[in-house]
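Protein chains: 6
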Amino acid sequence: MFYHDSKLQYEVKVDKPNPMFAKMLQQAIGGIEGEIRVCLQYLFQAWGARGPVKYRDMLMETGTEEIGHIEMLATAVALNLETAPNEMKDEMAADSPIIEAIMGGANPRHYLSAGLAAMAADSNGVPFNGSWVVASGNLAADMYANVMAESTGRVLATRLWHATDDKGMKDMLSFLIARDTMHQNQWMAVIEELGGPKGAMPIPNSFPQSEENSKFAYSFLSTNIATNVTGNGEAPASQGRWASGESIDGKGEFSFEKAMPFGEKPVLGPPAPAGFAQTEQMTDQDGFIKSVFRNL
Amino acid sequence: MFYHDSKLQYEVKVDKPNPMFAKMLQQAIGGIEGEIRVCLQYLFQAWGARGPVKYRDMLMETGTEEIGHIEMLATAVALNLETAPNEMKDEMAADSPIIEAIMGGANPRHYLSAGLAAMAADSNGVPFNGSWVVASGNLAADMYANVMAESTGRVLATRLWHATDDKGMKDMLSFLIARDTMHQNQWMAVIEELGGPKGAMPIPNSFPQSEENSKFAYSFLSTNIATNVTGNGEAPASQGRWASGESIDGKGEFSFEKAMPFGEKPVLGPPAPAGFAQTEQMTDQDGFIKSVFRNL
Amino acid sequence: MFYHDSKLQYEVKVDKPNPMFAKMLQQAIGGIEGEIRVCLQYLFQAWGARGPVKYRDMLMETGTEEIGHIEMLATAVALNLETAPNEMKDEMAADSPIIEAIMGGANPRHYLSAGLAAMAADSNGVPFNGSWVVASGNLAADMYANVMAESTGRVLATRLWHATDDKGMKDMLSFLIARDTMHQNQWMAVIEELGGPKGAMPIPNSFPQSEENSKFAYSFLSTNIATNVTGNGEAPASQGRWASGESIDGKGEFSFEKAMPFGEKPVLGPPAPAGFAQTEQMTDQDGFIKSVFRNL
Amino acid sequence: MFYHDSKLQYEVKVDKPNPMFAKMLQQAIGGIEGEIRVCLQYLFQAWGARGPVKYRDMLMETGTEEIGHIEMLATAVALNLETAPNEMKDEMAADSPIIEAIMGGANPRHYLSAGLAAMAADSNGVPFNGSWVVASGNLAADMYANVMAESTGRVLATRLWHATDDKGMKDMLSFLIARDTMHQNQWMAVIEELGGPKGAMPIPNSFPQSEENSKFAYSFLSTNIATNVTGNGEAPASQGRWASGESIDGKGEFSFEKAMPFGEKPVLGPPAPAGFAQTEQMTDQDGFIKSVFRNL
Amino acid sequence: MFYHDSKLQYEVKVDKPNPMFAKMLQQAIGGIEGEIRVCLQYLFQAWGARGPVKYRDMLMETGTEEIGHIEMLATAVALNLETAPNEMKDEMAADSPIIEAIMGGANPRHYLSAGLAAMAADSNGVPFNGSWVVASGNLAADMYANVMAESTGRVLATRLWHATDDKGMKDMLSFLIARDTMHQNQWMAVIEELGGPKGAMPIPNSFPQSEENSKFAYSFLSTNIATNVTGNGEAPASQGRWASGESIDGKGEFSFEKAMPFGEKPVLGPPAPAGFAQTEQMTDQDGFIKSVFRNL
Amino acid sequence: MFYHDSKLQYEVKVDKPNPMFAKMLQQAIGGIEGEIRVCLQYLFQAWGARGPVKYRDMLMETGTEEIGHIEMLATAVALNLETAPNEMKDEMAADSPIIEAIMGGANPRHYLSAGLAAMAADSNGVPFNGSWVVASGNLAADMYANVMAESTGRVLATRLWHATDDKGMKDMLSFLIARDTMHQNQWMAVIEELGGPKGAMPIPNSFPQSEENSKFAYSFLSTNIATNVTGNGEAPASQGRWASGESIDGKGEFSFEKAMPFGEKPVLGPPAPAGFAQTEQMTDQDGFIKSVFRNL
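Residue numbers (our numbering), protein chains in the order written: chain P, 1 to 296; chain R, 1 to 296; chain F, 1 to 296; chain L, 1 to 296; chain Z, 1 to 296; chain U, 1 to 296.
A portion of the hints provided could be inaccurate.
Given that identical chains are not distinguished, each listed pair holds provided it fits within a single copy or across any two copies.
Computed list of lysine-lysine pairs in DSS-like fashion (alpha-carbon distance at most 25 Å, straight line) [what the hints assert, rightly or not]:
no. : residue 1 : residue 2
1   : LYS198    : LYS251
2   : LYS16     : LYS170
3   : LYS13     : LYS167
4   : LYS7      : LYS54
5   : LYS167    : LYS265
Please keep in mind that the hints were generated in silico from the structure rather than gathered at the bench.
Looking at chain P on its own, in the form it has when it is part of the complex (with noise of 0.2 Å):
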């Protein structure tokens, strides 16, 4: 279960309010790169959790963090909403310079919905979605969807501070991206117990890999025409890492290969007469009506 402390985690403050840099914030709130994902997902992670203990400790920490990481950005929106006070004396002109941001661009539902104050919702308004929270019960895999996160969070968190002259602002993003670089590293830590790409890798580790079609495992194929068909064209793509060398989790050589066909031509059966096709569909390509309807 779960407790709360009235302060902060780190100082909010806001020199100069500003409702568009507000719809910004609003994308690390509840977009796709924001705190409610990562905070639901740490903490679905957690509850999920099945095996080792120190894990689902781990993530329950880390998780109960970003709670507080969601309330610093929707106090920085709601302070980014306000006038300053010093303009609050004439106080129905208090709310013209928000009337004016939305006329000019910012969020509407900032004043419209929610009364100058954060949603649950990305800086285009787009409503957070559940589908963002993944945990698939596999440690190694869930590992990278978090260190995808803190890393498209970090980027995002380093341009919203980029975009801001606000020195609280910037403050409260510099902490906010160092908490990211930890996050980073705490995941790939995490990585480096599970014997790392070559110990982990591929995942699930568990699936005995004499299933897979070997033959396909450590091949790049090349769908380029020119590489393809032509034969005679560039192939940017072979000179990477990953067209030849050992492979990155140490079970197989990398190769460069075309892309080319090894099934036939899909066949799919006449339409099914219940399924009320045109008529016309239940002809087969020499003309022969292969599905009969008789009274329905």
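Guided by the hints, dock chains R, F, L, Z and U onto chain P, whose structure is given.
Structure of chains R, F, L, Z and U alone, referenced to chain P:
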């Protein structure tokens, strides 16, 4: 631009059609772990690629391959929804197994909306969502997004492999599982080219780390109430690789610390009159009315 | 079944078309506080009504009225997207204000997708979502869902009223605001008929309260760490009506208590082999392998 | 910021795992009536709270409690997806019941995507949607949103209670049902503090009622064609509390009136040339061409 | 504005309630082929109609009829979820068939969320989505959107008709199927008034065709690798009406040509420094650093 | 399977980058009228095609072409987000125009999430949704879905063409507009092969019309209250082609009739006890308790 072959990349055979397995296969088509996602993800990453061209080309190659995987799975769904030929003699009865299957939990839209074919949706019929397509403009972040996609994708494929006894389906899946092996390795190979975790992390590596709040960049902050408050509790999370030693990115030293608030209790201003809060919200903590309404 | 009148329920005039206000009005059409939601909500409640028929009929009446409100707002959007007649002389220039408006933050789809008319979406262009339509089959729960809809709806309408200086728009909104006043009262009148909070609550009142865990039915559980753990903290939440005195439903006595765990630390079983977790997850806390793979 | 306890708020035991009940429990996690919604709703209301601080604090307390409810339910889902220990001897057969269950209608993603654990989705696998999180900035509107959430939530919980025979599950639900009882009362207690319906309504009470069109503020408008047109029909809706007597907010008198159009038939202008309507739309009702295309 | 009749447009009887058929019927209510979609689509087209008024009026007529179709289907769902009267004697057992049905694949939300009534969702429980409501402002485009809606709608209705043996349900569906027949004809009648394909196409016909790249306006471009590259392949697509002869709009001549690139390989500029790509992306193809970071 | 060419199908040049136009172009990528939709729609129709193979092949050809259109538009978005080279000298200032543009209404995610490249979303940032992909299994229904897609698509493209002055963008759009012309004709050519409206309609033509309620198959039912009830009203909708004459499908005669109820007022049974309605709902119209609760 793109071309197509009439043949499949790999053979797709269904020995014993099974509408419930058709339902499950949809996860690999239109689910978050599925082929539409990776196809569009790699193509969008290619189309927006800036920097060394070989990455763009390589992404385009594999994105193009993935279209063919959607095709294979869509074909597999259609075949699993067909009634075996020898049962087709009594034409109108041909659909009974389908309707019975729907009555027993199969996807009703496979019959109602698609006429016994595949859809751009997951195994619960939830439509594919473009928000899953990650292309951040940062190559390393994108590579981890791709590792994650192929890891959860291979986990999914192995579970599908396990859930069927159909020889044709197992064969198709053993091919797709192998391709996922390659693709996990392929994206990791790019990370290796980018210097591995030590070179690439923290992502983005172009943000000057001097600007992040370094005090919090390598500390595990424990939110466990046992660790933090009572001080006498267990702390399983302190036992991991992430709690001490050199950080994975080689740029810091891990530490394990109690999470505590560094910020204050947030105080938002009174509601703007134009937000039409309840009048009771207009008073401050001491009961003074801070916002006064006049004739609007 | 339904009929229509060619006339509007109330006059809709726009003195000075404003594409940005058209964008804001969309919240009242296709947003969660909007008219499509209440229209479908009341109609679905009516169509599924079981019990005294007067509630069904009343819901049908008001649901039907709401279709006319969507119509009024859709008309208002279309008129706000028109260029005033006197600016129409130079025909092709007629659209310049629109395109300029889009470039300045108006909804691009008002031009691109709708040809200068309303859409079934909110003020950020997020489509109406059927999940907002609440019809639970419990009359009291539904009435509170309706009070909530009309309360957030009236808040929205007053904010729209404030955001415009257009006399026609203010007049239309003053009508819609009045209807929201009526509808708030109307749903509360049903609650009164159902006995008010003392008769209706806890909702559903048909569930035998003897089956609920009565120990927790009227206690405020404080999760504030100051209250709970250090024990020396402030507890502002203890000052409210909810912390002592007779409960609102008249069936208990409020108390204020420390939240604490009554359950244990959860222990899930090891991963099922067929879930293809990482092999490292197959060991228990003491390192013994609990799940053994055999030939699959 | 937030802390966590390793223990659950209340015991979660499953005597007889049941994948179908796991599917049903998802509604209480990621459905619109579920715990993620109330958790985020109360927290966002707290984070954006303006006005007397005790409401902010109280919302934070209960929002924090709700995280623990998600945890309990997620644990319950995971346990319902486990095979009972005594069936685990034959390891590989351990999953058969799950796959059989999926074939019979259980959520395929519980196996395919989550590896036998909970997801941030409803009982049909539809992802949690952030649009459900209502925080309007108006305290009374938010309280009714909360009453509605706890009312539909308690209705859901009683139905889940009824749908299971599992003693552990019934016990857990009897606790959650009790908490819903408290929370319904709690939000009503705030309404009482705000003056009850007479003080709080119409919501928002800060909007000057002189600005609403008072003629329509307390009239039930009957759209029933029997009432309106033929004039000889039944009018069951005229029998309710909403049709006569003092209004619930004490500020008006209910009346029952025929709905009729007060507006005109709307006339929109001709399509703007740049909207590229069909040329036939460019003529007015008399056939004159109003919009003329020139060389674009 | 709108009125309602207490009676249904057509009789709705269910001889043998069937929760699984209730689930299937939801597709016709809240699915993309369903009645909420056509209802809102025709009404939004009417509300935004510009040009000859008879189209606006006609759209309003049929949009209003469709509300009554949602009502019929919602009634059918509610009746299919009821237990037949003679089984009602043992009151509490009355729900057992429902819960059994859910356990066997019926929609759990029909019980859990709706209390045995219809919802604004499709047959998989996916909510209705406002994005399906097409109203483009171009009359011909809208008419084809309507033809498409009624065509997929009638296909759906015939499949539902086939899936049930219930006499009442078959009768109701035979009415709805007939209405779909009328509506398909109705929208085509508008197309005929607009001149048929020769007059209306290419849609929009108000765009001067001189501005389109006429070289590509009537050519079938074959992307089949057999056609294009090897040159020795089959070309089944060359056999169709679209490959030669006068175009359907009468404004061109069909031809069959090899698809080939007319553009170049795209070259995007280097990443903007503020995008925080990886530093490795800052070099050009020759390894020169194009974007230089300075102290930010 | 699929191959790719490194070159674009048609040249994409941007003379003057414009982030607002990049935002608008997104509608043609990830909007309901956009290229991802048609691409997946034609491919899914091909992959599920049953009946004469030439349709499958033709759909595959054009679906493959559309991938190249997504590519062109994605390239156009990326180029519109670039700063012109001569403004790049001061490196760090290079992004200012972007941030200014976002502050003025451009899509914030183009910078924050995509690093100045295209996304799988529409012009408001709403993600592409797989529900738009229509593949019904009925060839004629699918062709009308395709005509609709290309009609709304061409309307969109002409509006984009009008909204820009950029010579490169106008050229690219004139190509795409031409392709839409071809594709409208192409799908109509299939309809012609299927016998035109007289042969193909009502869709599906394989459903025996004897089973539909022929009385309602060709009647326009007027819901206009003027037509229906007062009987003295105008009836503009009676003036159309749909009101009299032979039906378009040649199988009936149009008529114009008053809509009226043929069904009864629906009566649902009392709530099932296990639905936990309010107890007040358990009484019938005469006040007798129909459902009695006993000890649960």
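Evaluated hints:
Taking CA atoms no more than 25 Å apart as the test, LYS198 paired with LYS251 passes in both settings, with 8 Å inside one copy and 23 Å between copies. When the C-alpha separation of LYS16 and LYS170 is checked against a cutoff of 25 Å, the pair qualifies only within one copy, where the shortest distance is 12 Å, while the shortest distance between copies is 32 Å. Within a single copy, LYS13 and LYS167 get their C-alpha atoms as close as 8 Å, which meets the 25 Å cut-off; across copies the closest is 40 Å, which misses it. Proximity of LYS7 and LYS54 under a CA criterion of 25 Å is satisfied inter-copy only: 15 Å between copies versus 28 Å inside one chain copy.
Within a single copy, LYS167 and LYS265 get their C-alpha atoms only as close as 62 Å, which misses the 25 Å cut-off; across copies the closest is 19 Å, which meets it.
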